[in-house]
Amino acid sequence: MRKNFVATAVVAAFLTSPLVAQATEAELLARIEKLSAELEAVKAELKAGAQKTAAVEQRQQQIEAPAAAAASAPATVIGGYGEINYNRPTRNPAGAQTDVRRAVIGIEHRFDERTKLVSEFEWEHAIASAGDQGEAAIEQLYVERQFGNGMRGKAGLFLIPAGLLNTSHEPTAFYGVERNFVETAIIPSTWREAGVGLSGDFGEGFTWDTGLTTGFDLSKWDAASEEGRESPLGSIHQEGQLAKSRHLSVHGALNWRGVPGLLLGGSVFTGKAGHDTAGFAAPDARISVWDLHGRYTPGLWDLSAVYARGRIANIAALNASFGDEPAPVPSSFAGWYLQAAYQSFKSGDIALNPFVRYEQFNTASSFTNQATPDADHKVGTVGANLRIGEGVVLKADYQKFRGDSARDRLNLGVGFSY
Amino acid sequence: MNVLRYLPVLAAASAAPAFAVQYLSVEQAQKLMFPDATAFREQNLALSSSQMREVEKLSGLPARSVAWRVFGAYRGDTAIGFVVLDDVIGKFELISYAVGLNTDASIRQVEILAYRESHGGEIRNPAWRRQFVGKRAPAGLSIGEGIANISGATLSCTHLTDGVRRIAAIGQLLVKK
Numbered sequence: 001m002r003k004n005f006v007a008t009a010v011v012a013a014f015l016t017s018p019l020v021a022q023a024t025e026a027e028l029l030a031r032i033e034k035l036s037a038e039l040e041a042v043k044a045e046l047k048a049g050a051q052k053t054a055a056v057e058q059r060q061q062q063i064e065a066p067a068a069a070a071a072s073a074p075a076t077v078i079g080g081y082g083e084i085n086y087n088r089p090t091r092n093p094a095g096a097q098t099d100v101r102r103a104v105i106g107i108e109h110r111f112d113e114r115t116k117l118v119s120e121f122e123w124e125h126a127i128a129s130a131g132d133q134g135e136a137a138i139e140q141l142y143v144e145r146q147f148g149n150g151m152r153g154k155a156g157l158f159l160i161p162a163g164l165l166n167t168s169h170e171p172t173a174f175y176g177v178e179r180n181f182v183e184t185a186i187i188p189s190t191w192r193e194a195g196v197g198l199s200g201d202f203g204e205g206f207t208w209d210t211g212l213t214t215g216f217d218l219s220k221w222d223a224a225s226e227e228g229r230e231s232p233l234g235s236i237h238q239e240g241q242l243a244k245s246r247h248l249s250v251h252g253a254l255n256w257r258g259v260p261g262l263l264l265g266g267s268v269f270t271g272k273a274g275h276d277t278a279g280f281a282a283p284d285a286r287i288s289v290w291d292l293h294g295r296y297t298p299g300l301w302d303l304s305a306v307y308a309r310g311r312i313a314n315i316a317a318l319n320a321s322f323g324d325e326p327a328p329v330p331s332s333f334a335g336w337y338l339q340a341a342y343q344s345f346k347s348g349d350i351a352l353n354p355f356v357r358y359e360q361f362n363t364a365s366s367f368t369n370q371a372t373p374d375a376d377h378k379v380g381t382v383g384a385n386l387r388i389g390e391g392v393v394l395k396a397d398y399q400k401f402r403g404d405s406a407r408d409r410l411n412l413g414v415g416f417s418y
Numbered sequence: 001m002n003v004l005r006y007l008p009v010l011a012a013a014s015a016a017p018a019f020a021v022q023y024l025s026v027e028q029a030q031k032l033m034f035p036d037a038t039a040f041r042e043q044n045l046a047l048s049s050s051q052m053r054e055v056e057k058l059s060g061l062p063a064r065s066v067a068w069r070v071f072g073a074y075r076g077d078t079a080i081g082f083v084v085l086d087d088v089i090g091k092f093e094l095i096s097y098a099v100g101l102n103t104d105a106s107i108r109q110v111e112i113l114a115y116r117e118s119h120g121g122e123i124r125n126p127a128w129r130r131q132f133v134g135k136r137a138p139a140g141l142s143i144g145e146g147i148a149n150i151s152g153a154t155l156s157c158t159h160l161t162d163g164v165r166r167i168a169a170i171g172q173l174l175v176k177k
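Chains as they are written, first to last, in the numbering used here: chain U, 1 to 418; chain X, 1 to 177.
Everything labelled a hint here was simulated from the structure, so no lab data went into it.
The C-beta atom is built at its ideal place from N, Cα and C for all residues, glycine as well.
It is possible that some hints are incorrect.
[Said to hold, decoys possible] What the simulated footprint calls covered on chain U by chain X, stretch by stretch (three residues with Cβ under 8 angstroms from a Cβ of chain X suffice, anywhere in the stretch; the number is not a length):
(1) 157-170
(2) 201-208
(3) 251-259
(4) 298-304
[Said to hold, decoys possible] Cut-off 30 angstroms, straight-line C-alpha distance, at most; resulting in silico cross-link-like pairs (DSBU-like, lysine-lysine):
(5) K135/X <-> K31/X
(6) K346/U <-> K57/X
(7) K135/X <-> K176/X
(8) K135/X <-> K346/U
(9) K244/U <-> K220/U
(10) K57/X <-> K135/X
[Said to hold, decoys possible] Facing chain U, according to a computed beta carbon distance under 7 angstroms, are these residues of chain X, among others:
(11) F92
(12) S118
(13) E122
(14) N125
(15) A127
(16) W128
(17) Q131
(18) G144
(19) A148
(20) N149
(21) S151
(22) G152
With the hints as extra help, turn the sequences into a complete structure.
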């Protein structure tokens, strides 16, 4: 465009010049030399302009380059979390114990902008070998794909979106040294199943999750052991290990975060748990778990509540087959808690958050047969999390077990997450 | 000639893969924040070391970067605000966002351009982002102190809030110029 303009200007200069015939040769030569010099000057100016434009473009590209690189990198990220706990029963100091409760390494890899792999590898109780009590487990292992409409699909071993703690179980994310009882005894955190899931949002703060996964294996129930009494579902979960899959389970969760600081939600999970196991007395057994949860964080307060309930149906014949064994399968189990925490002190990257929690739960609140339901467990916890930055937490609390003071205990812990 | 200046930006935008997590392009965010602007001019900022110290003092955070991508929003020849682009890490992945600033360095709007985490997409909720509107650094621009936490997305909302506070501090330098 600019070159054309210059050419036109040069031609115009010739045309508007006095008649050539009337000018002397010397004058003409002088004029041509003058014009030629002017043309050179314009050329130089154009060249300088072009160089300047190139420089500006280059600079812009340089500025954009880090942003573009930042948007696609990093492809592989390593994370992790862990907790080391000390429990001291106040009435029985001889029972004091220290445990590397868990150490987890997480690796997330992004194949492309839409597709990624999420994995978490866990060791519990420090040493896993034939002669030790520890265990090594895959906690999560799934691929996730983002669809064009904002929905996400995943396939693999993933966490069931139940309660508040299950999907957010790092020690820096919860109050108290130990995870609360409701979300370990009723909702068997860290609860994961293998299958497929789909998540999305409805707008207005609503998000949803649904999926088709493996479920529980009731044929694992050991009526001679107390394990089922501690956590009915924790004793029969399959955790993706050669999981019986004759029957699959479905789940759904709906959460609302329409008001800043507020979360209200619920979830449901249901599926058959007999898997046509040969000789098993409860082929039609069905396990269902649902929960309602809420969390409100106005200012420096952090208030939360969870109610969870589970049901195991079609088990009369199974329980009858156990005879006098001490731990038949319960028909229902339930629990709830209320928790309040407050950030009472903050200086630099140190923050102190005292909290109180009251929980009531029953892992055998009803039976199909004559077995008498258990009494509710009532536990009060008071303590504090001392946060150091956002990755490290020191914890201390005292737990009072109403009606079972032999279990009262003092807990200390250190946890981290990165 | 002005069009030429935007060519690299347009080229980069059209060459980028249309990834699903991209909710808004830079141009869309600009128009959302300043619907009455007639032009956006790239006015990238290079902070001097004393300016970086000023940002750190005001935001209570490391200034992190010397170079900042800034667009001036104009109605005719009148400057009506700025759009600052940035990325912060959520938990594992980057959150790309834009902050619209008024000419008094108060926050006009926060828009999420791209979010890549599996959890915590709730930072896109308009109700949550509205908490930033009208504030100047640093007052009321911290989680728990003016900005409510998002349960289940603590890291994403904390890092984004820190990022916005930093940009709000940079905004005060922009309006001083």
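Q: Kindly indicate which numbered hints from before are broken by the structure, ordering the numbers from low to high.
A: none
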